[in-house]
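Read top to bottom, the protein sequences are chains A and B.
To convert, note that position 13 of the first sequence is 13 in the working numbering; the numbers rise steadily by one, no gaps.
To convert, note that position 59 of the second sequence is 59 in the working numbering; the numbers rise steadily by one, no gaps.
Source of the hints: derived by calculation from the structure; they are not laboratory data.
For each residue, glycine too, the CB sits at the ideal point set by N, CA and C.
Hints are not guaranteed to be accurate.
DSBU-like mimics (lysine-lysine), calculated; alpha carbons at most 30 Å apart, straight line [as the list claims (entries may be wrong)]:
#1 Lys-244(A) / Lys-161(A)
#2 Lys-165(B) / Lys-207(A)
#3 Lys-207(A) / Lys-26(B)
#4 Lys-41(B) / Lys-310(A)
#5 Lys-94(B) / Lys-207(A)
#6 Lys-26(B) / Lys-215(A)
#7 Lys-164(B) / Lys-207(A)
#8 Lys-2(A) / Lys-245(A)
#9 Lys-91(B) / Lys-207(A)
#10 Lys-215(A) / Lys-164(B)
#11 Lys-174(A) / Lys-42(B)
#12 Lys-42(B) / Lys-207(A)
#13 Lys-42(B) / Lys-74(B)
#14 Lys-310(A) / Lys-42(B)
#15 Lys-310(A) / Lys-85(B)
#16 Lys-162(B) / Lys-207(A)
Among chain B residues calculated to face chain A with C-beta under 8 Å, some are [to be verified]:
#17 Ser-35
#18 Gln-117
#19 Gly-120
#20 Ser-121
#21 Glu-124
#22 Glu-127
#23 Gln-128
#24 Ala-131
#25 Ala-132
#26 Arg-134
#27 Ala-135
#28 Ala-138
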Amino acid sequence: MKTLEELRSYYINILWPELRVLEEERKKSLNKIIISALIIIPLSAFLTYVLTHPFPIIFGVLGVIGANWLFTREYVSNFKTGIIEKIVTCVDDNLKYSKSSYIPQSTFASGKIFKQRIDRYRGDDHVQGTLGQTEVEFSEIHAQYVTRDSKGNRHYHTIFKGLFFVADFNKEFKGTTIVLPDVAEKMFGGLGAMFQSWNKGRGQLVKLEDPEFEKMFVVYGEDQIEPRYILSTSLMRRITDFKKKTKRQIHLSFIGSHIFIAISYRRDLFEPRIFRTLLSFVPIQQYFEDLQLAVGIVEDLNLNTRIWSKQ
Amino acid sequence: MMPGIIIAAVLVLIPVMLYNSLVGKKNQVTNVFASIDTLLKKRYDLIPNLISTVKTYMEHERGTLTEITELRAKATSGQLSDDDKVDLDNKISKALGGIMIAVENYPDLKANQNFLQLQGSLNEIEEQISAARRAYNASVTDYNNAVEMFPTNIMASVMSYKLKKVFEIVAAERKNVDVKGLFSNK
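Generate coordinates for the entire structure from the input sequences, incorporating the hints supplied.
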């Protein structure tokens with residue numbers, strides 16, 4: 001695990017030359033977008049005015065969005081191979097980065113965290129590697145389901161958007177244990193706990209001893225013992241600390257000797273911003289910290305402790 | 001007429017529900033205790049292997065090794081009350097813990113693949129036993145709450161259900177590790 005100081009020197013020595021080249025590219029792309037907007041918008045506004053029809057301006061806006069995508073596509077791709085990949089190696093050189101691949105939908109679904117039907121599944125920024133004795137992979141994922149209104153229009157709703165993390169767990173186990181954010185108990189107290197015990201689709205409700213953990217999460221398992229075997233008192237503590245550190249909604253599951261963690265984000269991860277200068281340390285630090293949060297899970301949850309029969 | 005039937009039905013249903021929930025909770029406790037028992041057996045099965053592996057290396061720990069063998073023999077002989085089982089289990093845990101610490105003095109043993117594997121399995125079972133104990137305590141608490149809380153307490157006293165004891169950590173285990181004491185020997 002690298003410190004911020006190490007990142008700073010890495011930034012100055014290795015990333016800086018690359019960033020300067022990319023900054024030029026960013027300015028060029030930005031100029032192209034501005035120029036195309038300056039041509040398209042007045043023209044379509046004029047046409048709308050002359051024809052008294054809203055179509056030209058609608059097409060104009062779509063055209064600007066299209067131009068934005070077209071002119072930044074290459075820049076984004078170069079940025080990812082040039083900068084993000086280097087930051088990944090800086091965080092840990094056992095990790096491999098691939099900008100366009102992502103955790104397959106089958107793996108995402110096998111985590112059994114989200115029960116809705118997935119209609120649209122996208123992702124990018126896949127990171128994979130072995131940290132100590134623990135194999136990990138994670139990527140950005142956006143899973144959605146679709147509904148249709150009375151007019152037949154499609155509406156997409158987010159099931160999950162954020163970072164999806166899968167790692168080899170250090171203990172062997174057979175069943176399924178699911179740890180979800182506790183919404184019902186937070187809102188309704190004891191009554192909420194009663195509703196949770198009726199949620200049979202998830203298996204048995206497992207009430208754990210750690211009051212802070214119980215307030216944040218609700219646990220379902222196939223029996224009363226295995227979830228406690230997985231969620232030892234120390235792991236519960238570590239998960240609560242991790243949740244406090246991220247300040248985000250997290251879902252976990254333990255299946256087939258693997259741990260799945262879904263960390264929700266509103267913003268896009270590892271994407272460059274076209275309207276801001278690249279030559280600043282702040283966004284680089286942000287990418288670094290987002291990565292380190294995921295990579296740090298191995299240490300935060302103590303996954304490298306192999307004192308059980310599983311080596 | 002109709003309201004009378006409904007009231008009568010409710011009056012019958014309520015005791016049935018209370019009764020069933022109490023029986024369910026009691027059985028949950030028995031069920032979890034049975035799984036502790038299974039896990040303890042699994043651990044007893046490992047002990048002969050462990051002893052035969054470490055015996056050749058650990059000359060100074062002969063006393064503890066014989067003690068463990070004797071305790072195991074007693075534990076597997078059967079016909080023990082639940083309290084005796086718990087008591088024996090605590091003694092064995094303590095003795096095994098002692099062995100695992102003593103291993104530090106035998107570098108050859110620490111490098112033995114067979115021993116490392118056994119140690120892993122033993123750690124695993126210890127962790128499973130501790131999980132099962134926590135599950136037991138949770139189900140006992142659930143049961144005790146039902147026995148003491150209204151309205152199930154009325155039914156419980158009719159059924160003469162008594163409070164059950166939770167697993168307690170033995171005094172020796174509860175003591176904090178004396179770090180100073182550990183280093184003063186060296």
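task = Check each numbered hint against the structure and report the violated ones by number, ascending.
result = none
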